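> Just so we're aligned, residue 112 is where the sequence shown starts under the working numbering, counting upward by one.
Simulated from the structure, these hints should not be mistaken for laboratory data.
The structure presented is a predicted model; accordingly, all values stated were derived computationally and were not measured.
Ideal Cβ positions, reconstructed from N, Cα and C, are used throughout, including at glycine.
The reader is advised that the hints may include incorrect statements.
For lysine-lysine, the following BS3-like pairs were computed, each having C-alpha atoms within a straight-line distance of at most 27 Å [unchecked claim]: (1) K198 to K157; (2) K216 to K230; (3) K519 to K530; (4) K230 to K198; (5) K216 to K157; (6) K529 to K519; (7) K353 to K405; (8) K198 to K284; (9) K198 to K216; (10) K216 to K519.
Here are the in silico distance ranges between beta carbons for each label pair [as the list claims (entries may be wrong)]: (11) T440 to E533: 13 to 23 Å; (12) D464 to A363: 15 to 25 Å; (13) G365 to Q206: 48 to 58 Å; (14) R514 to G285: 15 to 25 Å; (15) D258 to G215: 23 to 33 Å; (16) A457 to G285: 46 to 56 Å; (17) V223 to P517: 31 to 41 Å.
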Amino acid sequence: MLIHKLLLLLLAGMSGGRWLTTQAADGFRIYVNDQPAGREAFSVTKTEGRITWTGRASLELRSLLITIGSFTLITDAQHRPREAHVKATVGSSEQEIRTTFAEGKARNEITVGGTTTTKEDAVSPDALVVLSNVPFFLYEVLAQRVDFSRTGPQEFRIYVLPQIELPLTVRVKGRERVSFANRSDDLIHLELALAQPAGQTISMEMWMDDARRLIKLVIPGPLFIEVYREGYERPTERAAPKEYDAVEVTFASGEIALAGTLTLPRERSHPLPAVVLIAGSGPHERDQNVAGVKVFAQIAEHLTRHGFAVLRYDKRGVGRSGGRYETATTSDFADDAHAAVRFLRARPEIAPDRIALIGHSEGAIVALLVAARDPSLQAIVLMAGPATSGEEVVLEQQAYLLRNLPEKDRQERIALQKKILEAVKTDRGWEEIERAFPPEARASLAVARSPWFREFVRLRPLALLERL
112 MLIHKLLLLL
122 LAGMSGGRWL
132 TTQAADGFRI
142 YVNDQPAGRE
152 AFSVTKTEGR
162 ITWTGRASLE
172 LRSLLITIGS
182 FTLITDAQHR
192 PREAHVKATV
202 GSSEQEIRTT
212 FAEGKARNEI
222 TVGGTTTTKE
232 DAVSPDALVV
242 LSNVPFFLYE
252 VLAQRVDFSR
262 TGPQEFRIYV
272 LPQIELPLTV
282 RVKGRERVSF
292 ANRSDDLIHL
302 ELALAQPAGQ
312 TISMEMWMDD
322 ARRLIKLVIP
332 GPLFIEVYRE
342 GYERPTERAA
352 PKEYDAVEVT
362 FASGEIALAG
372 TLTLPRERSH
382 PLPAVVLIAG
392 SGPHERDQNV
402 AGVKVFAQIA
412 EHLTRHGFAV
422 LRYDKRGVGR
432 SGGRYETATT
442 SDFADDAHAA
452 VRFLRARPEI
462 APDRIALIGH
472 SEGAIVALLV
482 AARDPSLQAI
492 VLMAGPATSG
502 EEVVLEQQAY
512 LLRNLPEKDR
522 QERIALQKKI
532 LEAVKTDRGW
542 EEIERAFPPE
552 ARASLAVARS
562 PWFREFVRLR
572 PLALLERL
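All chains should be modelled from the sequences, with the hints used to inform the complete structure.
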(Lines of atoms letter the chains of each structure in order from A and count residues from 1; the text may use other names and numbers.)
(Lines give C-alpha, C1' and ligand atoms only; values in the text may rest on other atoms or scores of the structure.)
Protein backbone atom coordinates (compact mmCIF):
# COMPACT_ATOMS: atom_id res chain seq x y z
CA MET A 1 0.00 0.00 0.00
CA LEU A 2 2.96 2.27 0.03
CA ILE A 3 4.14 4.69 -2.58
CA HIS A 4 7.61 3.75 -3.51
CA LYS A 5 10.30 6.41 -4.06
CA LEU A 6 13.60 5.58 -5.64
CA LEU A 7 16.61 6.36 -3.48
CA LEU A 8 19.49 4.59 -5.16
CA LEU A 9 22.85 4.26 -3.46
CA LEU A 10 26.04 5.81 -4.73
CA LEU A 11 28.44 4.24 -2.31
CA ALA A 12 32.16 4.85 -2.46
CA GLY A 13 35.43 3.24 -1.38
CA MET A 14 38.16 0.72 -2.06
CA SER A 15 41.62 0.37 -0.67
CA GLY A 16 44.26 2.88 -1.73
CA GLY A 17 47.92 2.30 -2.52
CA ARG A 18 51.09 3.86 -3.92
CA TRP A 19 50.01 3.46 -7.52
CA LEU A 20 47.50 4.61 -10.08
CA THR A 21 44.99 2.18 -11.58
CA THR A 22 42.10 2.92 -13.90
CA GLN A 23 39.43 0.25 -14.27
CA ALA A 24 38.32 -0.32 -17.86
CA ALA A 25 35.01 1.29 -18.74
CA ASP A 26 32.05 -0.85 -17.75
CA GLY A 27 28.30 -0.41 -17.64
CA PHE A 28 24.77 -1.60 -16.99
CA ARG A 29 21.47 -1.96 -18.79
CA ILE A 30 18.36 -0.84 -16.90
CA TYR A 31 14.81 -2.21 -17.23
CA VAL A 32 11.59 -0.83 -15.73
CA ASN A 33 8.49 -3.05 -15.69
CA ASP A 34 10.11 -5.43 -18.22
CA GLN A 35 10.95 -2.65 -20.69
CA PRO A 36 14.42 -1.25 -21.54
CA ALA A 37 14.64 2.12 -19.76
CA GLY A 38 18.26 3.24 -19.56
CA ARG A 39 22.00 2.58 -19.65
CA GLU A 40 25.08 3.53 -17.67
CA ALA A 41 28.83 3.69 -18.20
CA PHE A 42 31.49 4.19 -15.52
CA SER A 43 35.15 3.85 -14.60
CA VAL A 44 37.18 3.86 -11.38
CA THR A 45 40.62 5.41 -10.80
CA LYS A 46 42.68 4.57 -7.68
CA THR A 47 45.66 6.60 -6.53
CA GLU A 48 47.50 6.85 -3.23
CA GLY A 49 44.85 7.45 -0.56
CA ARG A 50 42.20 8.45 -3.08
CA ILE A 51 39.55 6.75 -5.23
CA THR A 52 37.60 8.48 -7.99
CA TRP A 53 34.40 7.10 -9.53
CA THR A 54 33.19 8.76 -12.71
CA GLY A 55 30.36 7.98 -15.06
CA ARG A 56 27.17 8.92 -16.82
CA ALA A 57 23.67 7.46 -17.00
CA SER A 58 20.19 7.90 -18.42
CA LEU A 59 16.85 6.53 -17.23
CA GLU A 60 13.27 7.07 -18.38
CA LEU A 61 10.56 6.74 -15.71
CA ARG A 62 6.95 7.24 -16.82
CA SER A 63 7.97 9.62 -19.63
CA LEU A 64 10.34 11.53 -17.30
CA LEU A 65 13.86 11.38 -18.71
CA ILE A 66 16.65 11.58 -16.13
CA THR A 67 20.12 12.12 -17.56
CA ILE A 68 23.31 12.16 -15.50
CA GLY A 69 25.66 13.96 -17.86
CA SER A 70 28.57 13.49 -15.49
CA PHE A 71 29.03 12.16 -11.99
CA THR A 72 32.21 12.20 -9.93
CA LEU A 73 32.65 10.90 -6.40
CA ILE A 74 36.01 11.05 -4.60
CA THR A 75 36.73 9.15 -1.38
CA ASP A 76 39.73 8.44 0.77
CA ALA A 77 41.16 4.94 1.18
CA GLN A 78 38.82 4.25 4.12
CA HIS A 79 35.73 4.80 1.91
CA ARG A 80 34.93 8.19 3.45
CA PRO A 81 33.57 10.75 0.96
CA ARG A 82 35.57 13.87 0.24
CA GLU A 83 33.94 15.43 -2.82
CA ALA A 84 30.96 14.85 -5.11
CA HIS A 85 29.94 16.59 -8.31
CA VAL A 86 26.78 15.84 -10.28
CA LYS A 87 25.49 17.44 -13.48
CA ALA A 88 22.04 16.19 -14.43
CA THR A 89 18.91 16.97 -16.39
CA VAL A 90 15.54 15.87 -14.95
CA GLY A 91 12.88 16.42 -17.57
CA SER A 92 13.66 19.94 -18.79
CA SER A 93 15.34 21.05 -15.54
CA GLU A 94 19.14 21.33 -15.52
CA GLN A 95 20.67 20.65 -12.11
CA GLU A 96 24.17 20.66 -10.64
CA ILE A 97 25.36 19.67 -7.17
CA ARG A 98 28.85 20.26 -5.75
CA THR A 99 29.48 18.81 -2.30
CA THR A 100 32.50 18.73 -0.01
CA PHE A 101 32.76 16.61 3.13
CA ALA A 102 34.83 17.70 6.13
CA GLU A 103 34.59 17.87 9.94
CA GLY A 104 31.31 15.94 10.06
CA LYS A 105 29.60 18.29 7.61
CA ALA A 106 28.38 18.01 4.03
CA ARG A 107 28.51 21.43 2.37
CA ASN A 108 26.33 21.54 -0.75
CA GLU A 109 26.19 24.05 -3.56
CA ILE A 110 23.00 23.37 -5.54
CA THR A 111 22.21 24.99 -8.89
CA VAL A 112 18.77 24.50 -10.47
CA GLY A 113 17.74 26.45 -13.54
CA GLY A 114 20.58 28.92 -13.09
CA THR A 115 19.81 29.69 -9.43
CA THR A 116 22.39 28.59 -6.85
CA THR A 117 21.71 27.90 -3.17
CA THR A 118 23.89 26.46 -0.40
CA LYS A 119 23.03 23.91 2.25
CA GLU A 120 24.97 22.30 5.10
CA ASP A 121 24.11 18.98 6.77
CA ALA A 122 25.62 17.00 9.62
CA VAL A 123 26.90 13.60 8.46
CA SER A 124 28.54 10.64 10.18
CA PRO A 125 32.30 10.41 9.58
CA ASP A 126 31.94 7.08 7.78
CA ALA A 127 28.63 7.81 6.02
CA LEU A 128 28.19 6.48 2.52
CA VAL A 129 26.96 8.85 -0.19
CA VAL A 130 23.52 8.47 -1.78
CA LEU A 131 21.82 10.16 -4.72
CA SER A 132 18.19 9.97 -5.87
CA ASN A 133 17.53 7.86 -8.97
CA VAL A 134 20.38 6.86 -11.27
CA PRO A 135 23.25 6.00 -11.49
CA PHE A 136 23.54 2.49 -10.06
CA PHE A 137 27.18 1.71 -10.79
CA LEU A 138 28.54 2.65 -7.36
CA TYR A 139 26.57 -0.12 -5.68
CA GLU A 140 29.74 -2.12 -6.14
CA VAL A 141 31.33 -0.03 -3.41
CA LEU A 142 28.85 -1.32 -0.85
CA ALA A 143 30.28 -4.79 -1.39
CA GLN A 144 33.65 -3.54 -0.14
CA ARG A 145 32.04 -2.58 3.17
CA VAL A 146 29.95 -5.71 3.72
CA ASP A 147 31.28 -8.74 5.61
CA PHE A 148 30.13 -11.64 3.42
CA SER A 149 30.80 -14.15 6.23
CA ARG A 150 28.08 -12.63 8.47
CA THR A 151 24.45 -13.67 8.08
CA GLY A 152 22.96 -11.20 10.55
CA PRO A 153 22.06 -7.57 9.84
CA GLN A 154 24.89 -5.13 9.12
CA GLU A 155 24.13 -1.45 9.70
CA PHE A 156 25.39 1.53 7.70
CA ARG A 157 24.65 5.25 7.60
CA ILE A 158 24.11 6.90 4.25
CA TYR A 159 23.81 10.53 3.20
CA VAL A 160 21.13 11.27 0.60
CA LEU A 161 22.85 13.95 -1.45
CA PRO A 162 22.00 16.79 -0.74
CA GLN A 163 19.25 16.03 1.77
CA ILE A 164 19.40 13.78 4.82
CA GLU A 165 21.24 10.90 6.51
CA LEU A 166 19.35 7.58 6.73
CA PRO A 167 20.00 4.07 8.11
CA LEU A 168 20.69 1.18 5.74
CA THR A 169 20.50 -2.49 6.78
CA VAL A 170 22.23 -5.19 4.72
CA ARG A 171 21.82 -8.96 5.08
CA VAL A 172 23.93 -11.59 3.33
CA LYS A 173 21.59 -14.34 2.09
CA GLY A 174 24.37 -16.59 0.82
CA ARG A 175 25.60 -17.99 -2.48
CA GLU A 176 23.15 -19.09 -5.18
CA ARG A 177 23.08 -20.05 -8.84
CA VAL A 178 21.63 -17.27 -11.02
CA SER A 179 20.60 -17.87 -14.63
CA PHE A 180 20.85 -15.28 -17.39
CA ALA A 181 19.89 -15.52 -21.05
CA ASN A 182 23.51 -16.17 -22.06
CA ARG A 183 25.10 -17.78 -18.99
CA SER A 184 24.65 -19.08 -15.44
CA ASP A 185 26.85 -18.04 -12.50
CA ASP A 186 27.29 -18.62 -8.77
CA LEU A 187 26.72 -15.24 -7.12
CA ILE A 188 26.45 -13.79 -3.61
CA HIS A 189 22.95 -12.57 -2.75
CA LEU A 190 22.45 -9.46 -0.57
CA GLU A 191 19.23 -7.92 0.75
CA LEU A 192 19.11 -4.17 1.48
CA ALA A 193 16.56 -2.18 3.51
CA LEU A 194 16.73 1.61 3.30
CA ALA A 195 14.62 3.38 5.94
CA GLN A 196 12.76 6.49 4.79
CA PRO A 197 11.92 9.67 6.78
CA ALA A 198 8.16 8.94 6.79
CA GLY A 199 8.70 5.44 8.20
CA GLN A 200 8.62 3.37 5.02
CA THR A 201 11.41 1.05 3.97
CA ILE A 202 12.67 0.55 0.43
CA SER A 203 13.77 -3.05 -0.11
CA MET A 204 16.37 -4.03 -2.70
CA GLU A 205 18.28 -7.15 -3.72
CA MET A 206 21.68 -7.37 -5.34
CA TRP A 207 23.92 -10.16 -6.58
CA MET A 208 27.73 -9.86 -6.59
CA ASP A 209 30.43 -12.05 -8.09
CA ASP A 210 33.57 -13.18 -6.24
CA ALA A 211 35.40 -10.04 -7.38
CA ARG A 212 32.67 -8.04 -5.56
CA ARG A 213 31.34 -6.65 -8.82
CA LEU A 214 27.64 -5.85 -9.07
CA ILE A 215 26.06 -8.25 -11.56
CA LYS A 216 22.34 -7.80 -10.93
CA LEU A 217 20.20 -5.38 -8.89
CA VAL A 218 16.43 -5.59 -8.32
CA ILE A 219 14.17 -2.96 -6.73
CA PRO A 220 10.64 -4.40 -6.35
CA GLY A 221 7.59 -2.15 -6.39
CA PRO A 222 5.03 -0.70 -8.78
CA LEU A 223 8.02 0.46 -10.81
CA PHE A 224 9.86 -2.87 -10.93
CA ILE A 225 13.50 -2.00 -11.68
CA GLU A 226 16.16 -4.46 -12.84
CA VAL A 227 19.81 -3.64 -13.51
CA TYR A 228 22.13 -6.04 -15.37
CA ARG A 229 25.85 -5.70 -15.92
CA GLU A 230 27.01 -5.63 -19.53
CA GLY A 231 27.77 -9.20 -20.57
CA TYR A 232 24.94 -10.64 -18.46
CA GLU A 233 21.80 -10.72 -20.56
CA ARG A 234 18.39 -10.39 -18.95
CA PRO A 235 16.38 -13.65 -19.16
CA THR A 236 13.56 -13.58 -21.69
CA GLU A 237 10.24 -15.34 -21.42
CA ARG A 238 9.55 -18.32 -23.62
CA ALA A 239 6.58 -17.89 -25.92
CA ALA A 240 4.24 -20.76 -25.08
CA PRO A 241 1.78 -22.00 -27.72
CA LYS A 242 -1.44 -20.08 -27.20
CA GLU A 243 -4.85 -21.73 -27.07
CA TYR A 244 -6.66 -18.42 -26.91
CA ASP A 245 -6.93 -15.01 -28.56
CA ALA A 246 -5.63 -11.83 -26.94
CA VAL A 247 -7.40 -8.67 -28.14
CA GLU A 248 -6.20 -5.13 -27.40
CA VAL A 249 -9.23 -3.09 -26.29
CA THR A 250 -10.15 0.37 -25.03
CA PHE A 251 -13.23 1.38 -23.06
CA ALA A 252 -14.54 4.56 -21.47
CA SER A 253 -14.73 5.38 -17.77
CA GLY A 254 -16.46 8.73 -17.78
CA GLU A 255 -14.27 10.94 -19.94
CA ILE A 256 -11.19 8.72 -19.53
CA ALA A 257 -10.16 6.06 -22.05
CA LEU A 258 -8.74 2.92 -20.42
CA ALA A 259 -6.64 0.37 -22.34
CA GLY A 260 -6.47 -3.34 -21.68
CA THR A 261 -6.23 -6.88 -22.99
CA LEU A 262 -9.23 -9.19 -23.41
CA THR A 263 -8.33 -12.88 -23.66
CA LEU A 264 -10.88 -15.23 -25.25
CA PRO A 265 -10.86 -19.02 -25.69
CA ARG A 266 -10.40 -19.90 -29.36
CA GLU A 267 -13.20 -22.45 -29.29
CA ARG A 268 -16.40 -20.68 -28.29
CA SER A 269 -19.85 -21.64 -29.51
CA HIS A 270 -21.85 -19.71 -26.91
CA PRO A 271 -21.54 -16.50 -24.83
CA LEU A 272 -18.72 -16.86 -22.35
CA PRO A 273 -18.52 -16.28 -18.61
CA ALA A 274 -16.13 -13.39 -17.99
CA VAL A 275 -13.80 -12.08 -15.31
CA VAL A 276 -12.44 -8.57 -14.68
CA LEU A 277 -9.04 -8.45 -12.93
CA ILE A 278 -8.58 -5.46 -10.58
CA ALA A 279 -5.04 -4.52 -9.56
CA GLY A 280 -3.80 -3.54 -6.11
CA SER A 281 -2.41 -0.22 -4.95
CA GLY A 282 0.27 1.52 -6.94
CA PRO A 283 0.56 2.48 -10.61
CA HIS A 284 0.09 -1.02 -12.02
CA GLU A 285 -0.15 -1.82 -15.68
CA ARG A 286 -2.47 -4.58 -16.89
CA ASP A 287 -0.14 -7.51 -16.10
CA GLN A 288 0.41 -6.35 -12.48
CA ASN A 289 4.12 -7.09 -12.52
CA VAL A 290 5.13 -7.92 -8.94
CA ALA A 291 8.82 -8.66 -8.32
CA GLY A 292 9.20 -9.71 -11.94
CA VAL A 293 6.14 -11.99 -11.94
CA LYS A 294 3.32 -10.98 -14.29
CA VAL A 295 0.61 -12.04 -11.87
CA PHE A 296 -2.44 -10.94 -13.86
CA ALA A 297 -1.07 -12.21 -17.18
CA GLN A 298 -0.67 -15.66 -15.61
CA ILE A 299 -4.13 -15.61 -14.02
CA ALA A 300 -5.70 -14.47 -17.29
CA GLU A 301 -3.98 -17.24 -19.24
CA HIS A 302 -5.03 -19.93 -16.77
CA LEU A 303 -8.67 -18.84 -16.63
CA THR A 304 -8.92 -18.40 -20.40
CA ARG A 305 -7.58 -21.92 -20.94
CA HIS A 306 -10.47 -23.07 -18.76
CA GLY A 307 -13.18 -21.32 -20.74
CA PHE A 308 -13.38 -17.79 -19.30
CA ALA A 309 -13.03 -14.47 -21.06
CA VAL A 310 -10.70 -12.29 -18.98
CA LEU A 311 -10.24 -8.51 -19.09
CA ARG A 312 -7.21 -6.88 -17.49
CA TYR A 313 -6.38 -3.21 -17.97
CA ASP A 314 -3.84 -0.48 -17.23
CA LYS A 315 -4.90 1.66 -14.27
CA ARG A 316 -5.82 5.23 -15.11
CA GLY A 317 -2.74 7.31 -15.81
CA VAL A 318 -0.60 4.18 -16.31
CA GLY A 319 0.58 2.50 -19.50
CA ARG A 320 -1.78 3.27 -22.37
CA SER A 321 -4.69 4.42 -20.19
CA GLY A 322 -5.64 8.07 -19.95
CA GLY A 323 -6.32 10.10 -16.83
CA ARG A 324 -4.08 11.00 -13.91
CA TYR A 325 -3.02 8.31 -11.48
CA GLU A 326 -1.63 10.70 -8.85
CA THR A 327 -5.03 12.34 -8.21
CA ALA A 328 -7.15 9.16 -8.34
CA THR A 329 -8.94 7.68 -5.31
CA THR A 330 -10.14 4.16 -4.56
CA SER A 331 -13.63 5.28 -5.57
CA ASP A 332 -12.22 6.39 -8.94
CA PHE A 333 -10.69 2.94 -9.38
CA ALA A 334 -14.11 1.46 -8.57
CA ASP A 335 -15.63 3.64 -11.33
CA ASP A 336 -13.05 2.21 -13.73
CA ALA A 337 -13.72 -1.40 -12.72
CA HIS A 338 -17.48 -0.87 -13.09
CA ALA A 339 -16.83 0.61 -16.55
CA ALA A 340 -14.94 -2.59 -17.41
CA VAL A 341 -17.99 -4.64 -16.40
CA ARG A 342 -20.28 -2.53 -18.60
CA PHE A 343 -17.83 -2.90 -21.48
CA LEU A 344 -17.96 -6.69 -21.21
CA ARG A 345 -21.75 -6.76 -21.00
CA ALA A 346 -21.95 -4.94 -24.32
CA ARG A 347 -19.79 -7.48 -26.18
CA PRO A 348 -21.55 -10.30 -28.06
CA GLU A 349 -18.99 -12.94 -26.96
CA ILE A 350 -19.83 -12.40 -23.28
CA ALA A 351 -22.78 -13.69 -21.24
CA PRO A 352 -23.88 -10.42 -19.54
CA ASP A 353 -25.30 -12.22 -16.49
CA ARG A 354 -22.13 -14.30 -15.89
CA ILE A 355 -19.48 -11.72 -14.99
CA ALA A 356 -17.23 -11.91 -11.93
CA LEU A 357 -14.55 -9.70 -10.37
CA ILE A 358 -11.15 -10.75 -9.03
CA GLY A 359 -9.49 -8.05 -6.94
CA HIS A 360 -6.00 -8.19 -5.45
CA SER A 361 -4.95 -6.17 -2.37
CA GLU A 362 -6.59 -2.74 -2.75
CA GLY A 363 -8.30 -4.26 -5.78
CA ALA A 364 -10.26 -6.44 -3.35
CA ILE A 365 -11.71 -3.27 -1.78
CA VAL A 366 -12.49 -1.97 -5.26
CA ALA A 367 -14.32 -5.23 -6.03
CA LEU A 368 -16.43 -4.80 -2.87
CA LEU A 369 -17.30 -1.23 -3.85
CA VAL A 370 -18.39 -2.32 -7.33
CA ALA A 371 -20.37 -5.30 -6.03
CA ALA A 372 -22.22 -3.02 -3.59
CA ARG A 373 -23.30 -0.89 -6.57
CA ASP A 374 -24.05 -3.75 -8.96
CA PRO A 375 -25.90 -6.71 -7.39
CA SER A 376 -26.18 -8.46 -10.77
CA LEU A 377 -22.52 -9.51 -10.65
CA GLN A 378 -22.20 -13.29 -10.55
CA ALA A 379 -19.31 -13.46 -8.06
CA ILE A 380 -16.35 -11.64 -6.56
CA VAL A 381 -12.98 -13.07 -5.51
CA LEU A 382 -10.92 -11.19 -2.90
CA MET A 383 -7.19 -12.02 -3.09
CA ALA A 384 -5.03 -10.83 -0.18
CA GLY A 385 -7.48 -8.04 0.54
CA PRO A 386 -7.50 -6.32 3.94
CA ALA A 387 -10.25 -7.07 6.44
CA THR A 388 -9.33 -4.18 8.73
CA SER A 389 -9.64 -0.45 8.10
CA GLY A 390 -7.16 1.41 5.94
CA GLU A 391 -5.80 3.09 9.06
CA GLU A 392 -5.09 -0.27 10.71
CA VAL A 393 -3.51 -1.61 7.51
CA VAL A 394 -1.06 1.31 7.39
CA LEU A 395 -0.01 0.79 11.02
CA GLU A 396 0.39 -2.97 10.54
CA GLN A 397 2.54 -2.45 7.47
CA GLN A 398 4.68 0.13 9.23
CA ALA A 399 5.30 -2.21 12.16
CA TYR A 400 6.39 -4.94 9.74
CA LEU A 401 8.60 -2.74 7.57
CA LEU A 402 10.35 -1.25 10.61
CA ARG A 403 10.90 -4.56 12.40
CA ASN A 404 14.69 -4.48 11.90
CA LEU A 405 15.20 -0.99 13.34
CA PRO A 406 16.34 -0.43 16.93
CA GLU A 407 13.33 -0.41 19.26
CA LYS A 408 13.65 3.29 20.11
CA ASP A 409 13.76 4.32 16.44
CA ARG A 410 10.91 1.96 15.60
CA GLN A 411 8.62 3.35 18.30
CA GLU A 412 9.42 6.94 17.30
CA ARG A 413 8.51 6.26 13.68
CA ILE A 414 5.29 4.45 14.59
CA ALA A 415 4.30 7.34 16.87
CA LEU A 416 4.94 9.77 14.01
CA GLN A 417 2.83 7.63 11.68
CA LYS A 418 -0.05 7.74 14.18
CA LYS A 419 0.19 11.53 14.28
CA ILE A 420 0.07 11.62 10.49
CA LEU A 421 -3.02 9.40 10.44
CA GLU A 422 -4.75 11.60 13.00
CA ALA A 423 -3.95 14.68 10.92
CA VAL A 424 -5.34 12.95 7.82
CA LYS A 425 -8.63 12.26 9.62
CA THR A 426 -9.01 15.64 11.32
CA ASP A 427 -6.98 17.92 9.01
CA ARG A 428 -5.30 19.29 12.13
CA GLY A 429 -1.71 19.04 13.38
CA TRP A 430 0.08 19.26 10.03
CA GLU A 431 2.28 22.14 11.20
CA GLU A 432 3.73 20.05 14.05
CA ILE A 433 4.25 17.07 11.74
CA GLU A 434 6.06 19.16 9.14
CA ARG A 435 8.42 20.46 11.82
CA ALA A 436 9.43 16.84 12.51
CA PHE A 437 10.71 16.55 8.93
CA PRO A 438 13.71 18.39 7.47
CA PRO A 439 12.57 20.82 4.74
CA GLU A 440 13.98 18.69 1.94
CA ALA A 441 12.02 15.61 3.15
CA ARG A 442 8.62 17.28 3.54
CA ALA A 443 7.65 16.43 -0.02
CA SER A 444 7.19 12.83 1.17
CA LEU A 445 4.12 14.01 3.13
CA ALA A 446 2.32 14.68 -0.15
CA VAL A 447 1.13 11.06 -0.24
CA ALA A 448 -0.44 11.37 3.22
CA ARG A 449 -2.25 14.53 2.12
CA SER A 450 -3.45 13.07 -1.18
CA PRO A 451 -7.16 12.40 -1.91
CA TRP A 452 -6.38 8.70 -2.27
CA PHE A 453 -4.85 8.38 1.21
CA ARG A 454 -7.59 10.44 2.89
CA GLU A 455 -10.20 8.07 1.50
CA PHE A 456 -8.16 4.91 2.03
CA VAL A 457 -7.65 5.32 5.78
CA ARG A 458 -11.43 5.62 6.23
CA LEU A 459 -12.40 2.54 4.22
CA ARG A 460 -13.99 -0.35 6.16
CA PRO A 461 -13.94 -3.54 4.03
CA LEU A 462 -16.04 -5.59 6.46
CA ALA A 463 -18.78 -2.96 6.40
CA LEU A 464 -18.79 -3.17 2.60
CA LEU A 465 -18.96 -6.96 2.76
CA GLU A 466 -22.00 -6.79 5.04
CA ARG A 467 -23.85 -4.81 2.36
CA LEU A 468 -23.63 -7.64 -0.18
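> Now tell me, hint by hint, if it's right for this structure.
Each hint tested on the structure:
no.	hint	in the structure
1	K198 to K157	holds (22 Å)
2	K216 to K230	holds (10 Å)
3	K519 to K530	holds (17 Å)
4	K230 to K198	holds (17 Å)
5	K216 to K157	holds (24 Å)
6	K529 to K519	holds (16 Å)
7	K353 to K405	holds (17 Å)
8	K198 to K284	violated (36 Å)
9	K198 to K216	holds (21 Å)
10	K216 to K519	holds (25 Å)
11	T440 to E533: 13 to 23 Å	holds (20 Å)
12	D464 to A363: 15 to 25 Å	holds (22 Å)
13	G365 to Q206: 48 to 58 Å	violated (38 Å)
14	R514 to G285: 15 to 25 Å	holds (21 Å)
15	D258 to G215: 23 to 33 Å	holds (25 Å)
16	A457 to G285: 46 to 56 Å	holds (54 Å)
17	V223 to P517: 31 to 41 Å	holds (36 Å)
Against the hints set out earlier in the document, violations occur for numbers 8, 13.
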